[in-house]
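Q: Protein sequence lines correspond, in order, to chains A and B.
At position 57 of the first sequence (counting the first as 1) the number is 338 in the numbering used here, and the numbers step up by one without a gap.
At position 92 of the second sequence (counting the first as 1) the number is 101 in the numbering used here, and the numbers step up by one without a gap.
Source of the hints: derived by calculation from the structure; they are not laboratory data.
Mixed in with the good hints, there may be bad ones.
Straight-line distance between alpha carbons at most 25 Å, and here's what the computed DSS-like set of lysine-lysine pairs gives [said to hold, decoys possible]:
no. : chain 1 : residue 1 : chain 2 : residue 2
1   : A       : K355      : A       : K309
2   : A       : K422      : B       : K21
3   : A       : K366      : A       : K481
4   : B       : K14       : A       : K355
5   : A       : K390      : A       : K422
6   : A       : K390      : B       : K14
7   : A       : K355      : B       : K405
8   : B       : K405      : A       : K294
9   : A       : K390      : B       : K11
10  : A       : K493      : A       : K505
11  : A       : K294      : A       : K343
12  : A       : K422      : A       : K310
13  : B       : K405      : A       : K343
14  : A       : K289      : A       : K309
15  : A       : K505      : A       : K521
16  : A       : K310      : A       : K504
17  : A       : K366      : A       : K294
18  : B       : K405      : A       : K366
19  : A       : K366      : B       : K21
20  : A       : K355      : B       : K11
21  : A       : K390      : B       : K21
22  : A       : K505      : A       : K481
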Amino acid sequence: MENIIEVKNLTKKFRDFVAVDNISFSIKKGEIFGFLGPNGAGKSTTIRMLTTLLRPTSGVAKLAGYDVEREQDKVREHIGLVAEKIILYPHLTARENLQFFGQLFHLSKGEIDQRAQKWLDQLHMTEWLNHRVETFSTGMKQRINIVRALLTEPDILFLDEPTLGLDPQTTNLIHEFIRELNSQGITILLTTHDMLEAEKLCQRVAIIDHGKIAACDTVENLKKVVSEKANPTLEDVFLKITGTEIRDTARKAAPQAGGRHFGPRPQRRIR
Amino acid sequence: MKIIKDLCQIAKKDLLEFTRDRLRLVTFFIMPMFMMIMVGFIFPSQNTLKNVPIGIANQDNGSISQQLISTVSGLKLGDSSSTAFSVTSYDDNEAIKNAIKGQKINGGLIIPSGFTSDIAAGKQVTVTIVEDQSNPQISQMVDQILNNVVSGFGQQIGLQKTNQILTITNSVPGSPFSKLSPQAIIAPVQAKIEGIVPGNPNYFEFVAPGIMAMIVMTAVLTGLAASISREKEQGTLDGILISPINRLAIILGKALSQSIRGLIQGAIVLFLAFLLFGVTIHGNILLVILILLLGIFSFVGLGILVSAIATEQETATQLLFMFQFPMLFLSGVFFPIALMPHFMQDISKIIPLTYAISALRQVMVLGAGLGSVTTDLLILLIFGAITLAISVPVFKRVITK
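Bound-form chain A, shown alone (with noise of 0.2 Å):
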């Protein structure tokens, strides 16, 4: 199968701190793949980079054929976004950002409702469509921001810890729904820090520490890796492989879009 995500010797620093460094891996097209590491592992920053909101240092990252750095409107075309942080205005209602965000990618009105109409239905949440995302409670702001990154049917989806602080019904609810987009053809580009979720989702599973990546292999491979337990859980796969050591980084990994902390520079991690 062809790669759809082809990611050769990326890294990017922040002045002095290396916050991925040198990885290359590649997705196949219609899987999904985990993304895991602990806090601080550079998770997110390669997100970023995937999704042209963050300029590599080096390297190549190519997705759906297209250069994230060179092609970026071409990249962004093919990508769907859900992020750490909801990307909704609160004060809107949820059609008014599906709206406002649709629009951004030059699709009509009309195409956007009827776009949006199917996952809507999907998620449960038609009938909040005209409330403000305010009142919603998170695991419907989720389900209307997941609709949003849907909005211009991306090839690629990237999920950055989707059902952080969710129900267990919404959270069930979300990966059902992973799932069907999966079979639809959209390949899925997952970061979590529940293992069991990646277990239950993923093909595939990168774990990346200290920016670089420890292991890429299936799930079932990977649990080879553990030897001393009969049936090796994903999560025994990932102490053994980052360690027990509680991660303490003096920055985060990567700052919001641009800006610049005017504070202490930053320090190398504390081992």
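Assemble chain B onto chain A, guided by the hints.
A: What follows is chain B alone, placed relative to chain A:
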């Protein structure tokens, strides 16, 4: 063009979001009102002098001093219906000074004993005006008005006396003074004040254009920076940035929505100035709008620059506040720049607000046309172009690091 459509989308969304926040909406309307009403009522002008408490100590017991007192207490300024002073009688100099110290009155007049008889006897008399040094603005006006009243009153007496003299000398045939008018003896030269537009100069006409420019421009400056950094903070900026629209459209769209808001606030200021304080625009209203637009343009670059370097909304607002306060004084909103020390005048020359305000005053107060303000407009245009040329690439670089 695509970019125009995109920037309109962004502006529309921003305005829609803005109208949904009731508290922000209320403060939006109330701020210019407060500003205007405060300034309008706090800064006095001679025409607005009403019922200022003053004291008179009359140590004379003749009729001429009574006439002077009734002239002072009956004085009305402009088309005001109430008298300028409310007069209280005091015994002597000491009593007046004590009343000023106790802030019961803002000035005093002392008429010496023998006032009437000395005038009748043809001697020069002196009345004393006591001023309240704790309140320079009021006391300056009180002094000036009392001085005018007293000298006017003196002239009347002089006129009567001259008339008497002339009647006697002219009764002699061949008198060299037969063609003299008494006015020509008392005041041979008179000054006539002629303005460019009708009406008296008033502080409010001076300050209204300044407040308008200031509100419009700072609203755009802080609004733009706050709006971009807020979206950065809440994460929605990423949602816009992953769309294939031009980065310039994002900035310009935000600038457009802020400009619309700024202009609405400017209109409120103008409307209140017109309604409550009788300020009239002597020049072309379209020219006023053009000046405001160019003023906004001159500030957009600065706003973008601040929002690019500030990570959080709070940082951006604080950063701007630091500049705003000195700018308020240096650009001559409240005080004429000509009265400032030289080094401050030099600083004020690099603030675009200075030129916007000066142009607005020329047009609104003096009725100047486009020709008289071309230089100011050009400076605003150049300032805006330079800051934009610096800030747009910086913004583009910084948002994707």
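Q: For each hint, tell me whether it holds in the structure or not.
A: Hints versus structure:
{"no.": "1", "hint": "A/K355 <-> A/K309", "in the structure": "19 Å, holds"}
{"no.": "2", "hint": "A/K422 <-> B/K21", "in the structure": "22 Å, holds"}
{"no.": "3", "hint": "A/K366 <-> A/K481", "in the structure": "24 Å, holds"}
{"no.": "4", "hint": "B/K14 <-> A/K355", "in the structure": "20 Å, holds"}
{"no.": "5", "hint": "A/K390 <-> A/K422", "in the structure": "21 Å, holds"}
{"no.": "6", "hint": "A/K390 <-> B/K14", "in the structure": "14 Å, holds"}
{"no.": "7", "hint": "A/K355 <-> B/K405", "in the structure": "18 Å, holds"}
{"no.": "8", "hint": "B/K405 <-> A/K294", "in the structure": "18 Å, holds"}
{"no.": "9", "hint": "A/K390 <-> B/K11", "in the structure": "16 Å, holds"}
{"no.": "10", "hint": "A/K493 <-> A/K505", "in the structure": "21 Å, holds"}
{"no.": "11", "hint": "A/K294 <-> A/K343", "in the structure": "19 Å, holds"}
{"no.": "12", "hint": "A/K422 <-> A/K310", "in the structure": "28 Å, violated"}
{"no.": "13", "hint": "B/K405 <-> A/K343", "in the structure": "22 Å, holds"}
{"no.": "14", "hint": "A/K289 <-> A/K309", "in the structure": "15 Å, holds"}
{"no.": "15", "hint": "A/K505 <-> A/K521", "in the structure": "11 Å, holds"}
{"no.": "16", "hint": "A/K310 <-> A/K504", "in the structure": "24 Å, holds"}
{"no.": "17", "hint": "A/K366 <-> A/K294", "in the structure": "23 Å, holds"}
{"no.": "18", "hint": "B/K405 <-> A/K366", "in the structure": "22 Å, holds"}
{"no.": "19", "hint": "A/K366 <-> B/K21", "in the structure": "23 Å, holds"}
{"no.": "20", "hint": "A/K355 <-> B/K11", "in the structure": "16 Å, holds"}
{"no.": "21", "hint": "A/K390 <-> B/K21", "in the structure": "15 Å, holds"}
{"no.": "22", "hint": "A/K505 <-> A/K481", "in the structure": "17 Å, holds"}
Of the hints listed earlier, the one the structure fails to meet is number 12.
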